[in-house]
Amino acid sequence: MARPPKPKAGEAARRTRQNASSSKTSIRRRESDKRPQPGGTRKRNRPSASQASQSSAEGSSGRQSKTSGKKRKASEVEDADTTEHAPKRFQHLKARTRRVPQSVIASKWTALPHVAQQQVQELFHAAKRPVALGRPDERRREEAEKVLNTVVRKLEKQLSRMPFPAKTKDAVFSLEKLLERNRLLESQLTPAMHSIELLDAAIEKEERSLERDRRTLARLEANAISEERRQQKQAKKIHPLLKQAPDLEDNLDDYAENINLVSSVAAQKGDLMDDADGDPDLLSVLKQLQNHMESMHANRLQVAGIDNAIVDARASLDDAIYRNAKLRRHRAISGT
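To convert a position in the sequence shown, counted from 1, into our numbering, add 69.
Hints may be right or wrong, so weigh each one.
Derived pair list, reagent style DSS-like, types lysine-lysine, alpha-carbon separation capped at 25 Å [stated by the list, open to error]:
| hint | residue 1 | residue 2 |
| --- | --- | --- |
| 1 | K226 | K215 |
| 2 | K163 | K236 |
| 3 | K238 | K197 |
| 4 | K197 | K226 |
| 5 | K215 | K163 |
| 6 | K246 | K236 |
| 7 | K177 | K238 |
| 8 | K163 | K226 |
| 9 | K226 | K177 |
| 10 | K197 | K215 |
| 11 | K226 | K236 |
Quick caveat, the hints were computed from the structure, so don't treat them as lab data.
Throw the hints in and build the complete structure from the sequences for me.
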């Protein structure tokens, strides 16, 4: 087929000027139509019947296309949701986002080895080639090449400082090994949960016992406080002389051989007479008691040796009775 002849440069320029002038005149006409007419009224260019029918058809087709596009998008979203949430009938590995704490990253993650860094750099260079070569002209290719080279250099500098997790084991991507690992962990989890239940029961028992001990302690403290108050009240009722008496409970020898009368010299060492000077009734009672004790002591001194004499007399009497009974038995046997 014969190609149509190309228009000349002058003719193309003339056509361009004609198109520009026609567009300017159409703009002026629209502006003149928009200006108000004298008398306060504005003329409106009513569209013809063919134009109205054409515009209505275009509007209805546009609305239909919009509604059909919305329905298509909604159906695509529903299909994606159903495929995402539909239960699968086989065991599979599911993607999961893992939250790694910063402490683990700082302590366990390390930088990539040199060989891995070189491989990542080669991947960067291979990824930038289709982006740069996809530009239409040479100038844009050069601009894209410069921008991509800058980004790749920054990534290469940061690559040596970026922390990466430890090397992934092959068992992580093996479903059989993962299931075996889960069964092993479940077998360890069952006794651990049982022991935790036993420990919880023991803790509850000890807490109940501790609560009982606390109640007992509170009751004993209350009883001690009430007893102390009672003793204080009883102490207020004790006679002043008994308050000043020495505490003899520690040095008290309450045995039969230690029971004896106190000598008058020891009785005079006390300070009861000195304390009774302010109480005449008590002073008279103390004097009578002292006289009585002195008379008892004098009477005891008078009969001090009687107990020994009684013992000797009893021994002599027993000896005499024994000799007399022996003599009578001898005479009865001999017949004299």
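Could you grab the alpha-carbon distance between K246 and K236 and see if it respects the 25 Å cut-off? Since the Cα atoms of K246 and K236 sit roughly 17 Å apart, the hinted pair holds (cutoff 25 Å).
Agreement of K238 and K197 with the hint, judged by alpha carbon distance not exceeding 25 Å: Violated. K238 to K197 sits at ~31 Å, over the 25 Å cutoff.
Pairwise hint evaluation, K163 against K215, where the allowed Cα distance is 25 Å at most: violated, 40 Å
Keeping to a limit of 25 Å between CA atoms, is the pair of K197 and K226 held or broken? Since the Cα atoms of K197 and K226 sit roughly 17 Å apart, the hinted pair holds (cutoff 25 Å).
Take the C-alpha atoms of K226 and K215, compute the straight-line distance between them, and say whether it is at most 25 Å. holds, 17 Å
Between K226 and K177, does the CA-CA distance stay at or below 25 Å? holds, 22 Å
Given the hinted pair K177 and K238, is their alpha-carbon gap at most 25 Å? Cα-Cα ~16 Å, so holds.
Given the proposed pairing of K163 with K226, does the C-alpha separation stay at or below 25 Å? violated, 34 Å
Could you grab the alpha-carbon distance between K197 and K215 and see if it respects the 25 Å cut-off? holds, 11 Å
Given hint K236 paired with K163 - CA-CA distance at most 25 Å: Distance of about 20 Å is within 25 Å: holds.
Given the hint that K226 pairs with K236, test it: the Cα-Cα distance must not exceed 25 Å. OK: K226 and K236 at ~22 Å, within 25 Å.
Of the numbered hints listed earlier, those contradicted by the structure are 3, 5 and 8.
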